[in-house]
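Novice: Top to bottom, those sequences are chains F and B.
Per the working numbering: the first sequence ends with 115, consecutive numbering throughout.
Per the working numbering: the second sequence ends with 221, consecutive numbering throughout.
If you're looking for bench data, these hints aren't it; they were derived computationally from the structure.
All C-beta atoms, glycine included, are put in the ideal place defined by N, C-alpha and C.
Do not rely on the hints blindly, as some may be mistaken.
[What the hints assert, rightly or not] Selected chain B positions facing chain F (Cβ under 8 Å, derived; list incomplete):
#1 Glu130
#2 Gly157
#3 Ser160
#4 Met163
#5 Ser166
#6 Ala213
#7 Gly214
[To be verified] With beta-carbon atoms standing in for the labels, derived distance ranges:
#8 Ser145/B - Gln83/F: 33 to 41 Å
#9 Ala191/B - Ala2/F: 27 to 35 Å
#10 Ser7/F - Gly143/B: 31 to 39 Å
#11 Val159/B - Gly40/F: 31 to 39 Å
#12 Ile180/B - Lys17/F: 45 to 53 Å
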Amino acid sequence: GAGVSQSPSNKVTEKGKDVELRCDPISGHTALYWYRQRLGQGLEFLIYFQGNSAPDKSGLPSDRFSAERTGESVSTLTIQRTQQEDSAVYLCASSYRSGGSYEQYFGPGTRLTVT
Amino acid sequence: KNEVEQSPQNLTAQEGEFITINCSYSVGISALHWLQQHPGGGIVSLFMLSSGKKKHGRLIATINIQEKHSSLHITASHPRDSAVYICAVGNNDMRFGAGTRLTVKP
């Protein structure tokens, strides 16, 4: 079946502009995660959704970052007033359920470059 | 100190060698994950384990919950194993190691 998909694959934006990144999880997966990987650095947790429960936003680095998910489907990560330090690969993953005991399936990522 | 420490950071091996990558963590976990990140950036889950040992092909992962330590072994390494291997722990807010960059030379 189809894996996790993300769009766009690459995004170049000017400092100060808003961007929206999209993630389509695997059908039937109730949990969805967003991560960030800056160049040469490790993965950082941003936010996760489990079903219709309130999302865990504890990893979001500032109030310029927000994310939404419609039910158990598509999610969008929005970055407002982008800064150069937001340049990174943004990865989405989904799993059957939340909790660390379920395998996560990763999307290919969106490479964001803020000029 | 990072919550998840991996060693070594970089590893170069000759084809056929036995590889070991280590991961130590300091937080409570429900499971530990080993991930593989290919040079193109794609991430694949290799193992998820909460106790004992798992084997998949030439890959073996072990975990010692009491010692908060896990190892990833690759037997008969091959150039196609060249990638970054990442250890991750936690529940939903996963914490990741910095990764081990493995290069296997033919």
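Novice: For each hint, tell me whether it holds in the structure or not.
Specialist: Comparing the hints with the structure gives:
no. : hint                           : verdict
1   : Glu130                         : violated (27 Å)
2   : Gly157                         : holds (6 Å)
3   : Ser160                         : holds (5 Å)
4   : Met163                         : holds (5 Å)
5   : Ser166                         : violated (11 Å)
6   : Ala213                         : holds (5 Å)
7   : Gly214                         : holds (6 Å)
8   : Ser145/B - Gln83/F: 33 to 41 Å : holds (35 Å)
9   : Ala191/B - Ala2/F: 27 to 35 Å  : holds (33 Å)
10  : Ser7/F - Gly143/B: 31 to 39 Å  : holds (36 Å)
11  : Val159/B - Gly40/F: 31 to 39 Å : violated (20 Å)
12  : Ile180/B - Lys17/F: 45 to 53 Å : holds (47 Å)
Checked against the numbered hints above, the structure violates hints 1, 5, 11; every other hint is satisfied.
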